[in-house]
Amino acid sequence: MTMSSSNNHRWRKAKSAFASALAFVAALLVIAPLGLVLFHLIRSGASSVNWDFFTNLPTPVGVVGGGMVNAIVGSFELLALAALIGVPVGVLGGVYLAEYGSARANAMLRFVADVLNGVPSIIWGVIVYGLVVLRFKSFSAYAGGLALGLMMIPLIMRTSEEVLLLVPTGYREASLALGISRWQTIVHIVMKTASKGIVTGILLALARVAGETAPLLFTAFGNRFWNHNLSEPIAALPLQIFTYAISPYDDWHRQAWAGALVLVVTILFINILVRFLTRERIARVL
Amino acid sequence: MQILRSAVFGPAERNGIAQQMSPPSRFGDKAFEWLTLAMGLTVVALVAIVGWQLARGSSLAIDRFGFHFLATSTWDPVAENFGALPFIYGTLVSSLIALLLAVPLSIATAVYLTELAPLWIRQPLVSLIEMLAAIPSVILGLWGIFVMIPWLRDYPFPLLRRLFGWTPLFSGPVYGVSMLAGGIIIAVMILPIITSVSREILRSVPNLQREAAYALGATRWEVTRIAVLSYARKGLFGAVILGLGRALGETMAVTMVIGNTPQIRASLFAPGYTLASVIANEFSEATTDIYLQALFEIGLVLFGITILTNLVARLLLKTMAGAGTTRAVQ
Chain V
1 MTMSSSNNHR
11 WRKAKSAFAS
21 ALAFVAALLV
31 IAPLGLVLFH
41 LIRSGASSVN
51 WDFFTNLPTP
61 VGVVGGGMVN
71 AIVGSFELLA
81 LAALIGVPVG
91 VLGGVYLAEY
101 GSARANAMLR
111 FVADVLNGVP
121 SIIWGVIVYG
131 LVVLRFKSFS
141 AYAGGLALGL
151 MMIPLIMRTS
161 EEVLLLVPTG
171 YREASLALGI
181 SRWQTIVHIV
191 MKTASKGIVT
201 GILLALARVA
211 GETAPLLFTA
221 FGNRFWNHNL
231 SEPIAALPLQ
241 IFTYAISPYD
251 DWHRQAWAGA
261 LVLVVTILFI
271 NILVRFLTRE
281 RIARVL
Chain E
1 MQILRSAVFG
11 PAERNGIAQQ
21 MSPPSRFGDK
31 AFEWLTLAMG
41 LTVVALVAIV
51 GWQLARGSSL
61 AIDRFGFHFL
71 ATSTWDPVAE
81 NFGALPFIYG
91 TLVSSLIALL
101 LAVPLSIATA
111 VYLTELAPLW
121 IRQPLVSLIE
131 MLAAIPSVIL
141 GLWGIFVMIP
151 WLRDYPFPLL
161 RRLFGWTPLF
171 SGPVYGVSML
181 AGGIIIAVMI
191 LPIITSVSRE
201 ILRSVPNLQR
211 EAAYALGATR
221 WEVTRIAVLS
231 YARKGLFGAV
241 ILGLGRALGE
251 TMAVTMVIGN
261 TPQIRASLFA
271 PGYTLASVIA
281 NEFSEATTDI
291 YLQALFEIGL
301 VLFGITILTN
311 LVARLLLKTM
321 AGAGTTRAVQ
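Protein chains in written order, with this note's numbering: chain V, 1 to 286; chain E, 1 to 330.
Any given hint could be a false lead.
[Stated by the list, open to error] Distance windows between CB atoms, simulated:
1) ALA103(V) - ARG26(E): 23 to 33 Å
2) SER230(E) - LEU134(V): 51 to 61 Å
3) ILE62(E) - LYS192(V): 48 to 58 Å
4) VAL63(V) - LEU163(E): 42 to 52 Å
5) SER5(V) - VAL312(E): 43 to 53 Å
6) ASN106(V) - ARG26(E): 42 to 52 Å
7) GLY35(V) - LEU216(E): 36 to 46 Å
8) ALA17(V) - LEU163(E): 24 to 34 Å
9) ASN106(V) - PRO156(E): 42 to 52 Å
[Claimed, not checked] Just some of the chain E residues that point at chain V, by a computed CB distance under 10 Å:
10) GLY28
11) MET39
12) LEU46
13) ALA110
14) SER137
15) PRO158
16) ARG161
17) LEU191
18) THR195
19) GLU222
20) LEU275
21) GLY299
22) LEU315
[Claimed, not checked] Anything over 12 Å on all C-beta distances counts as not near chain E; from chain V, calculated:
23) SER20
24) ALA46
25) ASP52
26) VAL63
27) PHE76
28) GLU77
29) PHE136
30) ARG224
31) TRP226
The set of hints was computed from the structure by calculation and includes no laboratory data.
The C-beta atom is built at its ideal place from N, Cα and C for all residues, glycine as well.
Hey, can you work out the whole structure from these sequences and the hints?
So, in structure tokens, the structure goes:
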């Protein structure tokens with residue numbers, strides 16, 4: 001009896017250790033792609049990231065060299081346009097959720113925002129194509145910026161709400177008790193106190209859409225030259241990477257790796273910076 | 001009060017503020033509330049706009065092809081004959097492969113992160129998973145084309161073919177670009193989201209559950225299985241469905257490795273096509289109205305499927321846990 005029960009116990013312990021080992025291996029496998037992607041990005045991309053890459057326009061096929069300066073600048077222009085749409089709508093929507101809405105209305109809005117977050121990014125491209133490109137008969141930077149901006153709205157709305165809710169109720173009560181009106185309390189006290197968290201949420205949303213390609217395919221469309229007019233097609237780094245990656249030219253492949261390295265480093269830098277700079281409390285809700 | 005002042009106003013601003021802010025105005029309050037309400041309602045408006053645009057953009061195609069669109073597998077832009085079946089099939093099969101690969105790994109990782117891992121390792125591991133989530137789809141696709149596909153073609157695929165070549169799933173020529181490669185790359189894309197949502201779910205399991213099981217003499221694995229996993233079953237299911245929603249809509253990476261051939265083949269080594277990738281590839285080349293309409297209809301189908309999966313996932317998650325779960329999704 002004692003013999004078999006101790007055997008049984010040992011068997012159960014062994015099973016437990018085995019399951020733990022499996023879980024550990026699973027965790028390694030989950031982060032393995034990150035390591036592999038970063039390794040290959042550096043190996044294949046680092047040699048092509050040079051001064052020319054950041055200063056030159058793309059060269060025609062067959063001409064070695066050239067860079068992606070127009071795509072890098074184009075990406076920043078698109079992000080600025082996106083922020084013009086996504087930031088005010090997202091932040092003020094977040095204010096409504098945190099400060100005004102009834103429990104029922106909020107539950108509904110949150111639900112819709114979360115569902116919207118799950119809409120595939122390619123769909124945003126299709127919608128903006130119908131809304132803007134068809135109407136004005138031209139691919140444009142405005143269309144690309146709108147597509148990215150729409151994607152940012154639910155992201156920013158949810159993070160803004162979370163950080164606004166972290167502001168202690170006492171702050172609001174104290175301000176109202178001084179006779180300050182509600183909206184001024186929200187703008188000057190609540191939003192100001194939460195400003196760091198709101199900015200963090202905006203940065204994360206920008207980092208998220210900075211790598212988006214699908215919504216830009218038929219809105220911003222891409223451009224091999226400088227864009228001098230926002231109502232014309234514009235280059236973007238992820239688009240350029242895609243075009244080069246599926247091209248048959250070795251030199252373009254090298255450029256694609258270089259572009260990918262620059263894009264990933266930028267995105268990861270923003271992510272890491274944001275997480276290091278924000279206080280523990282904000283970092284946790286984001 | 002002191003805290004409030006020092007936290008919010010600098011000492012210099014303190015005197016001016018009373019003048020700036022009085023007297024309170026009812027109008028400002030109402031206007032601001034309505035403004036924020038309008039901004040909050042944009043998400044509802046956006047869902048409506050997306051649905052309306054897609055339906056409007058595809059009305060001709062819907063009239064012309066009807067339900068056959070979903071059930072026929074010709075995709076012939078020249079003859080203007082369109083059926084979405086190969087794309088629906090490709091989307092479902094590649095997503096299924098992705099789930100088969102990603103779900104066990106993600107949930108095991110979530111278990112490791114909440115139940116088993118030494119405390120010091122947990123935060124760095126979570127950060128690494130967040131970094132994986134931040135890698136853009138197009139870059140994973142680039143890696144897929146130049147690193148993963150050649151490797152799969154040279155080692156695992158021939159091996160699979162030797163071992164399981166007698167089943168239709170792993171027979172036929174090996175090109176590299178294939179349904180299986182598409183599924184694998186989608187799996188990588190959805191690993192982080194399933195892991196982080198599952199982790200939040202497991203964290204929301206009350207400690208009493210675990211303590212009770214430990215008190216009965218259960219081993220660590222038994223505690224996890226009996227007290228944690230079975231308690232969290234519904235929420236974990238929600239996490240999986242959420243991952244499915246992402247998988248169905250995944251575009252760039254899968255477009256770059258799946259082969260983009262509108263066909264239905266039993267072999268997973270054969271190239272396929274998904275709803276999202278046909279839009280990505282052919283949208284700007286659609287020369288005729290009906291071609292563009294057919295692509296809008298594909299968008300409508302994709303939107304419908306993803307909205308539905310997301311709704312189900314959210315409902316499952318909502319019954320399971322509090323705010324933590326939705327945070328993990330961001």
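Now the hints, each set against the structure:
For the hinted restraint 23 to 33 Å between ALA103(V) and ARG26(E), the CB-CB distance of approximately 25 Å keeps it satisfied. With their beta carbons about 52 Å apart, SER230(E) and LEU134(V) fall inside the hinted range of 51 to 61 Å. The hint said 48 to 58 Å for the Cβ distance between ILE62(E) and LYS192(V), and at roughly 51 Å that hint holds. Taking the beta carbon of each, VAL63(V) and LEU163(E) are about 48 Å apart, inside 42 to 52 Å as hinted.
At about 45 Å, the CB distance of SER5(V) to VAL312(E) agrees with the hint of 43 to 53 Å. The hinted range of 42 to 52 Å is not satisfied by ASN106(V) and ARG26(E), whose Cβ atoms lie roughly 24 Å apart. At about 40 Å, the CB distance of GLY35(V) to LEU216(E) agrees with the hint of 36 to 46 Å. For ALA17(V) and LEU163(E), the hinted distance range of 24 to 34 Å is satisfied, since their beta carbons lie about 29 Å from each other.
Judged by the Cβ atoms, the range 42 to 52 Å given for ASN106(V) and PRO156(E) holds: they are separated by roughly 48 Å. About 5 Å separates the beta-carbon of GLY28(E) from the nearest beta-carbon of chain V, less than 10 Å, and the hint is met. Because the beta carbon of MET39(E) sits about 4 Å from the nearest beta carbon in chain V, less than 10 Å, this interface hint is met. Interface hint status for LEU46(E): upheld, as the beta-carbon distance to the closest one in chain V is roughly 6 Å, under 10 Å.
Satisfaction of the interface hint for ALA110(E) is found here, the shortest Cβ-Cβ separation to chain V being roughly 9 Å, below the 10 Å cut-off. Contact between SER137(E) and chain V, as hinted, is supported at the beta carbon level, the nearest pair being about 7 Å apart and thus within 10 Å. At its closest, the beta carbon of PRO158(E) sits 21 Å from a beta carbon of chain V; the interface hint therefore is violated under the 10 Å criterion. Using the Cβ-Cβ criterion of 10 Å, the hint placing ARG161(E) at the interface with chain V is not satisfied: the shortest such distance is roughly 23 Å.
Because the smallest distance between the Cβ of LEU191(E) and any Cβ of chain V comes to about 5 Å, under 10 Å, the interface hint for this residue holds. Checking THR195(E) against chain V: minimum C-beta separation of about 6 Å stays under 10 Å; hint holds. A hinted interface residue such as GLU222(E) counts as satisfied when its beta carbon comes closer than 10 Å to some beta carbon of chain V; here the least separation is about 7 Å, so the hint holds. For LEU275(E), the interface hint holds, since its Cβ comes within 10 Å of a Cβ in chain V; the closest pair sits about 9 Å apart.
A hinted interface residue such as GLY299(E) counts as satisfied when its beta carbon comes closer than 10 Å to some beta carbon of chain V; here the least separation is about 5 Å, so the hint holds. Residue-level restraint check for LEU315(E) holds (minimum Cβ-Cβ distance to chain V is 9 Å; threshold 10 Å). In this structure SER20(V) is not separated from chain E by more than 12 Å, as the shortest Cβ-Cβ distance comes to only about 5 Å. Distance check for ALA46(V) against chain E: the nearest CB is about 15 Å away, which clears 12 Å, and the non-interface claim stands.
Against chain E, the non-interface label of ASP52(V) holds: every CB pair exceeds 12 Å, the least being about 20 Å. In this structure VAL63(V) is separated from chain E by more than 12 Å, as the shortest Cβ-Cβ distance comes to about 22 Å. PHE76(V), annotated as away from the interface, keeps every beta carbon of chain E farther than 12 Å; the closest lies near 16 Å. No Cβ of chain E comes within 12 Å of the Cβ of GLU77(V); the nearest lies about 18 Å off, and the non-interface call holds.
Annotated as non-interface, PHE136(V) keeps its C-beta farther than 12 Å from every C-beta of chain E; the closest such distance is 16 Å. Separation of ARG224(V) from chain E is adequate, the least Cβ-Cβ distance of about 15 Å exceeding the 12 Å criterion. With a minimum CB-CB distance of about 21 Å to chain E, TRP226(V) clears the 12 Å threshold, and the non-interface call stands.
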